[in-house]
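Going down the list, the protein sequences come from chains A and B.
Residue 38 in my numbering sits at position 38 of the first sequence, with consecutive numbering throughout.
Residue 124 in my numbering sits at position 124 of the second sequence, with consecutive numbering throughout.
Bear in mind the hints are in silico, worked out from the structure with no lab data behind them.
Incorrect hints may appear among the rest.
Just so you know, same-sequence chains aren't split out, so a pair can sit in one copy or run between any two.
[Unchecked claim] Mimicking SDA-like on lysine to any residue, the simulated pairs with C-alpha atoms at most 25 Å apart in a straight line are:
| no. | residue 1 | residue 2 |
| --- | --- | --- |
| 1 | K101 | R25 |
| 2 | K50 | G72 |
| 3 | K101 | A80 |
| 4 | K50 | G92 |
| 5 | K50 | A12 |
| 6 | K50 | A88 |
| 7 | K101 | A88 |
| 8 | K50 | E111 |
| 9 | K101 | D86 |
| 10 | K101 | E61 |
| 11 | K101 | D89 |
| 12 | K50 | E114 |
| 13 | K101 | E24 |
| 14 | K101 | A116 |
| 15 | K50 | G21 |
| 16 | K50 | A116 |
| 17 | K50 | Q93 |
| 18 | K101 | G21 |
| 19 | K50 | K101 |
| 20 | K50 | E24 |
| 21 | K50 | R29 |
| 22 | K50 | A119 |
| 23 | K101 | E111 |
2 protein chains.
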Amino acid sequence: MANQVTLDRAFAACAHPIRRGIVERLAEREKDADEGMTVGEATHDFAVSKPAISRHLRVLEEAGAIVRVIDGRTHRLRLAEQPFDDAADWIGQLQRMWQRKFDVVEQFIAESREDAAGARTDGRGSA
Amino acid sequence: MANQVTLDRAFAACAHPIRRGIVERLAEREKDADEGMTVGEATHDFAVSKPAISRHLRVLEEAGAIVRVIDGRTHRLRLAEQPFDDAADWIGQLQRMWQRKFDVVEQFIAESREDAAGARTDGRGSA
Numbered sequence: 001m002a003n004q005v006t007l008d009r010a011f012a013a014c015a016h017p018i019r020r021g022i023v024e025r026l027a028e029r030e031k032d033a034d035e036g037m038t039v040g041e042a043t044h045d046f047a048v049s050k051p052a053i054s055r056h057l058r059v060l061e062e063a064g065a066i067v068r069v070i071d072g073r074t075h076r077l078r079l080a081e082q083p084f085d086d087a088a089d090w091i092g093q094l095q096r097m098w099q100r101k102f103d104v105v106e107q108f109i110a111e112s113r114e115d116a117a118g119a120r121t122d123g124r125g126s127a
Numbered sequence: 001m002a003n004q005v006t007l008d009r010a011f012a013a014c015a016h017p018i019r020r021g022i023v024e025r026l027a028e029r030e031k032d033a034d035e036g037m038t039v040g041e042a043t044h045d046f047a048v049s050k051p052a053i054s055r056h057l058r059v060l061e062e063a064g065a066i067v068r069v070i071d072g073r074t075h076r077l078r079l080a081e082q083p084f085d086d087a088a089d090w091i092g093q094l095q096r097m098w099q100r101k102f103d104v105v106e107q108f109i110a111e112s113r114e115d116a117a118g119a120r121t122d123g124r125g126s127a
């Protein structure tokens, strides 16, 4: 199970459209899988300043979602192997817990109906 | 597909241990599914001020993760039916895109190997 700080960082990293846009772009790119994309390729089109882009990239790196490979003066970005896996696990676990709760409620309702039907049958039987 | 603001809010709502703690507590509680929990039940034990708790609850409500039912002076909280579904979908889609990318790379490597093996066989055959 992921620790709280890991989850905080992963979810915070996902909580901005530019950061989601960058990871989507890295995930979509199918060629040059090993090389990754330059920072320019991964971040052009986003109408924000370079310092803002740098901050978004830092948030993604600290969340373990992207990896930066420095090759001389070229910085290349790759998506991490299991981006946001812990975050996905947490939501999945929550939804399963919640589903089980509904299952228990449904079972209770079904049993109540059966009991009620049984009571009616018994009533008729003894009449 | 969820819009950007919906995703921003869902991920931001997940990005704090107290907010995750509150939704976990609401998801775990199996009894009184319809009634929900009082704010006190859902938030006791968290060592933060009442105003801080109120802010966390507001973030969760705005993200559509929890529902507040006001019954006179008692506020009851329930988890929404599909908490963080859009967020889970976004991560899932990203991971599938990423997986396809690896599949393409693996296929390329496999085909390259076959080609290389074929070339060797051909070489031997014509020798």
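Hints, verified against the model:
no. : hint        : result
1   : K101 / R25  : between (38 Å within a copy, 12 Å between copies)
2   : K50 / G72   : within (20 Å within a copy, 52 Å between copies)
3   : K101 / A80  : between (34 Å within a copy, 13 Å between copies)
4   : K50 / G92   : neither (35 Å within a copy, 29 Å between copies)
5   : K50 / A12   : both (20 Å within a copy, 23 Å between copies)
6   : K50 / A88   : neither (30 Å within a copy, 30 Å between copies)
7   : K101 / A88  : both (20 Å within a copy, 19 Å between copies)
8   : K50 / E111  : neither (62 Å within a copy, 41 Å between copies)
9   : K101 / D86  : both (23 Å within a copy, 21 Å between copies)
10  : K101 / E61  : between (37 Å within a copy, 20 Å between copies)
11  : K101 / D89  : both (18 Å within a copy, 21 Å between copies)
12  : K50 / E114  : neither (66 Å within a copy, 45 Å between copies)
13  : K101 / E24  : between (34 Å within a copy, 12 Å between copies)
14  : K101 / A116 : within (23 Å within a copy, 56 Å between copies)
15  : K50 / G21   : within (15 Å within a copy, 36 Å between copies)
16  : K50 / A116  : neither (68 Å within a copy, 45 Å between copies)
17  : K50 / Q93   : neither (38 Å within a copy, 28 Å between copies)
18  : K101 / G21  : between (35 Å within a copy, 17 Å between copies)
19  : K50 / K101  : neither (47 Å within a copy, 28 Å between copies)
20  : K50 / E24   : within (19 Å within a copy, 38 Å between copies)
21  : K50 / R29   : within (22 Å within a copy, 47 Å between copies)
22  : K50 / A119  : neither (73 Å within a copy, 49 Å between copies)
23  : K101 / E111 : within (15 Å within a copy, 48 Å between copies)
The structure shown violates the earlier hints numbered 4, 6, 8, 12, 16, 17, 19 and 22.
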